[in-house]
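Undergrad: Here are the chains, one letter per residue:
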Amino acid sequence: MDWLGVAATARASFAAHSDSSDIDALVRGIKQVKRIFG
Amino acid sequence: MNAPARINSALNVRDQFPAIENWHYLDSAATAQKPQAVIDAITEAYARDYATVHRGVYQRSSEMTGRYEDARAAASGLIGGQANEVVFTRGATEAINLVARSLPKEGRTRVLLSRLEHHSNIVPWQLAGYEVDAAPLTDDGQVNLDAAEALLTEEHRVVALAHVSNVLGSVLDAKRAAEIAHSKGALLLLDGCQAVPRMPVDVAAFGADFYAFSAHKLYGPTGIGALWGRADLLNSLPPWQGGGSMIDRVTFEETTYLDAPMRFEAGTPHIVGAIGLHAAVDWIGKLGLDAVHAHECALVAETRSKLSNIPGVTLYGAEDSAGIVSFNVDGVHAHDTATILDDAGVAVRAGTIARSR
Chain A
218 MDWLGVAATA
228 RASFAAHSDS
238 SDIDALVRGI
248 KQVKRIFG
Chain B
-13 MNAPARINSA
-3 LNVRDQFPAI
7 ENWHYLDSAA
17 TAQKPQAVID
27 AITEAYARDY
37 ATVHRGVYQR
47 SSEMTGRYED
57 ARAAASGLIG
67 GQANEVVFTR
77 GATEAINLVA
87 RSLPKEGRTR
97 VLLSRLEHHS
107 NIVPWQLAGY
117 EVDAAPLTDD
127 GQVNLDAAEA
137 LLTEEHRVVA
147 LAHVSNVLGS
157 VLDAKRAAEI
167 AHSKGALLLL
177 DGCQAVPRMP
187 VDVAAFGADF
197 YAFSAHKLYG
207 PTGIGALWGR
217 ADLLNSLPPW
227 QGGGSMIDRV
237 TFEETTYLDA
247 PMRFEAGTPH
257 IVGAIGLHAA
267 VDWIGKLGLD
277 AVHAHECALV
287 AETRSKLSNI
297 PGVTLYGAED
307 SAGIVSFNVD
317 GVHAHDTATI
327 LDDAGVAVRA
337 GTIARSR
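If you read the sequences in order, they're chains A and B. The first sequence runs 218 to 255 under this note's numbering. The second sequence runs -13 to 343 under this note's numbering.
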């Protein structure tokens, strides 16, 4: 992704079965990432 | 975009997916989980109905041949094509390799891609001896078609672009891409892997020449995909692999070949894969691709809204990306982010796309 100046990205991709519970879990997980690396 | 605050499984199909019980699977762009209807179709095809195709004189083989050809018609119909315009391949990768290897260059030695292409839409062209040019992207991650138009010359044989980006979810203006390609006498190949499961596709309306997709990203089995091509174009291409099923008459002096699509399907095909693909096409057809697209757009809007409220999270791509959100937590490598998310029961992809020179 060097056009963005970053080496890599995380990617969340959805499907017909996805719902808000998946997004809520993603948000909780990202907050955990920030706690560990904060 | 007026997305609802909550998307409570508007399509209501979660319980049809046995593999995602107690798991937040957010990697469908890599491969889709399978609904029970597809699993059942595959099981029954092996357990109850199995036989070879195209050769057997007995009843069950005749029935299986009919189902294999019905699957071809369904795969082509899904994207607005005719039944005889789809070649079954191992997947989109093999479909692009087929075009790259089989299409006569006719004196043109370059292909025009974009900087967001998957490796499967770069390496086949390099292996086939083409010089590769890559169109830049706009700031929000769309293929810059003005720049592509300026780069295109009469040395280019093919313009090959992702219909929907696997990294950013950007949706290509396919009709304009076709007009640009044709203005210099080039052909347009679209990599439809991420588009086919997410939105209605009509190759005829776009004016595309080739369209490739994989069944496993469309809720179907691995090991099978489709190359759609205009019938006259497919019939103008020479075979690329030799064997049974693709020949008209064989002698040691000379062999003649069947017309497309059979010409490109040497050997016993992935019979049950085709039946699984057909089941997947039927399954998503019942949901309706307009409804799936609206559902995934709403999920993207909700995700972008919630992640943008977390300090130190960077979002990439356009607001109206189709079903895909790429992001980084500032100062944290994407692999570490994905590992911690995995511990939390959330599956995301961490990865890169091809680098430019």
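Rather than coming from a laboratory, the hints here were simulated on the basis of the structure. Any given hint might turn out to be false.
[To be verified] Chain A stretches covered by chain B per the calculated footprint, using a threshold of three residues with CB under 8 Å from any CB of chain B:
| hint | stretch |
| --- | --- |
| 1 | 230 to 238 |
| 2 | 243 to 250 |
[Stated by the list, open to error] Quick partial rundown of chain B residues pointing at chain A, CB under 8 Å, derived from the structure:
| hint | residue |
| --- | --- |
| 3 | Asp13 |
| 4 | Gln22 |
| 5 | Ile25 |
| 6 | Ile28 |
| 7 | Val153 |
| 8 | Pro186 |
| 9 | Gly209 |
| 10 | Ser231 |
| 11 | Met232 |
| 12 | Ile233 |
| 13 | Val236 |
| 14 | Gly317 |
| 15 | Val318 |
| 16 | His319 |
Here a beta-carbon is modelled for each residue, glycine too, at the ideal position from N, C-alpha and C.
Undergrad: Any CB of chain A closer than 8 Å to the CB of Pro186 (chain B)?
TA: Hint violated; Pro186 (chain B) Cβ to chain A Cβ min 14 Å, cut 8 Å.
Undergrad: Holds or violated: is there a CB of chain A closer than 8 Å to the CB of Val236 (chain B)?
TA: violated (45 Å)
Undergrad: Hey, does the Val318 (chain B) contact hint survive, CB to chain A under 8 Å?
TA: Since chain A brings a Cβ to about 5 Å from Val318 (chain B), closer than 8 Å, the hint holds.
Undergrad: Would you settle whether the hint for Ile28 (chain B) is holds or violated, based on the nearest Cβ-Cβ distance to chain A being less than 8 Å?
TA: violated (19 Å)
Undergrad: Is the interface hint for Ile233 (chain B) satisfied, with its Cβ closer than 8 Å to some Cβ of chain A?
TA: violated (40 Å)
Undergrad: Let me know if the C-beta of Gly317 (chain B) comes in closer than 8 Å to any C-beta of chain A, holds or violated.
TA: At about 6 Å, which falls below the 8 Å cut-off, the nearest Cβ of chain A leaves the hint on Gly317 (chain B) intact, so it holds.
Undergrad: Are His319 (chain B) and chain A close enough, Cβ to Cβ, to be under 8 Å, as the hint says?
TA: holds (7 Å)
Undergrad: Against chain A, with CB atoms and a cut of 8 Å, does the hint on Gly209 (chain B) hold up?
TA: violated (20 Å)
Undergrad: Have a go at the Ile25 (chain B) hint: is there a Cβ in chain A nearer than 8 Å to its own Cβ?
TA: violated (14 Å)
Undergrad: Within the assertion that chain B covers the stretch 230 to 238 of chain A, do at least three residues meet a Cβ-to-Cβ distance smaller than 8 Å?
TA: holds (count 9)
Undergrad: Classify the hint on Val153 (chain B) as holds or violated, based on whether any CB of chain A lies nearer than 8 Å to its CB.
TA: holds (7 Å)
Undergrad: Tell me if the interface restraint on Gln22 (chain B) is satisfied: Cβ within less than 8 Å of some Cβ in chain A.
TA: violated (12 Å)
Of the numbered hints stated above, those contradicted by the structure are hints 4, 5, 6, 8, 9, 10, 11, 12 and 13, listed in ascending order.
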